[in-house]
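K.L.:
Sequence:
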Amino acid sequence: MRFCDRTFCRLQLLLIVVFSAATSVHGLRNVRPDGPCDPGELVFVGFCNLCMCNSQGMPNQLCARSWCPVQTTLPPRNSILYSIPNKPFT
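For the sequence shown, the residue numbers in mature numbering (1 follows the signal peptide of the UniProt record, and there is no 0) are -27 to -1, 1 to 63.
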């Protein structure tokens, strides 16, 4: 007598693996720059910077990576080209 057929057993095993992975992995959460967070926890600060919390329960000043684009504007091309002084260095 067969307990389960091959397809059903594979599906059951897949569901068990997915459920146990989903319940054991803690998601990264977003916190304010002043915390609070658990020491050693990886958190997002402002949804952009991945930071590790220090022993005081606040995100470190230097973070691992930023996923947000930097919003800087470059000066006009003419101001860059003509900003070099005409006099040689003395």
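Simulated from the structure, these hints should not be mistaken for lab results. Heads up, a few of these hints could be off.
Derived Cβ-Cβ restraints for the label pairs, each shown as a range [said to hold, decoys possible]: (1) Leu35 with Asn3: 35 to 43 Å; (2) Thr(-21) with Pro6: 24 to 32 Å; (3) Glu14 with Ser39: 28 to 36 Å; (4) Pro9 with Ala37: 14 to 22 Å; (5) Leu23 with Gln(-16): 49 to 57 Å; (6) Arg2 with Pro42: 21 to 29 Å; (7) Arg(-18) with Asn33: 40 to 48 Å; (8) Cys(-19) with Pro42: 32 to 40 Å; (9) Cys(-19) with Thr46: 57 to 65 Å.
By construction, the Cβ of each residue, glycine as well, lies at the ideal position given by its N, Cα and C atoms.
K.L.:
None of the hints should be skipped; say for each whether it holds.
P.N.:
Now for the hints, and whether the structure bears them out:
Between leucine 35 and asparagine 3 the beta carbons are some 18 Å apart, a value that contradicts the proposed interval 35 to 43 Å. Roughly 51 Å separates the CB atoms of threonine -21 and proline 6, a value that falls outside the hinted 24 to 32 Å. Separated by about 18 Å at the C-beta atoms, glutamate 14 and serine 39 break the suggested range of 28 to 36 Å. Checked against the hint of 14 to 22 Å, the C-beta distance between proline 9 and alanine 37 comes to roughly 19 Å, which is consistent with it.
Separated by about 36 Å at the C-beta atoms, leucine 23 and glutamine -16 break the suggested range of 49 to 57 Å. As the Cβ distance of arginine 2 to proline 42 is approximately 22 Å, the hint placing it in 21 to 29 Å holds. The hinted window of 40 to 48 Å between arginine -18 and asparagine 33 holds, with their beta carbons roughly 44 Å apart. Look at cysteine -19 against proline 42: about 47 Å separates their beta carbons, and that is not inside 32 to 40 Å.
Range check, cysteine -19 to threonine 46: Cβ separation about 60 Å, and the 57 to 65 Å hint holds.
Going down the numbered hints, you'll see the structure goes against 1, 2, 3, 5 and 8, while the others check out.
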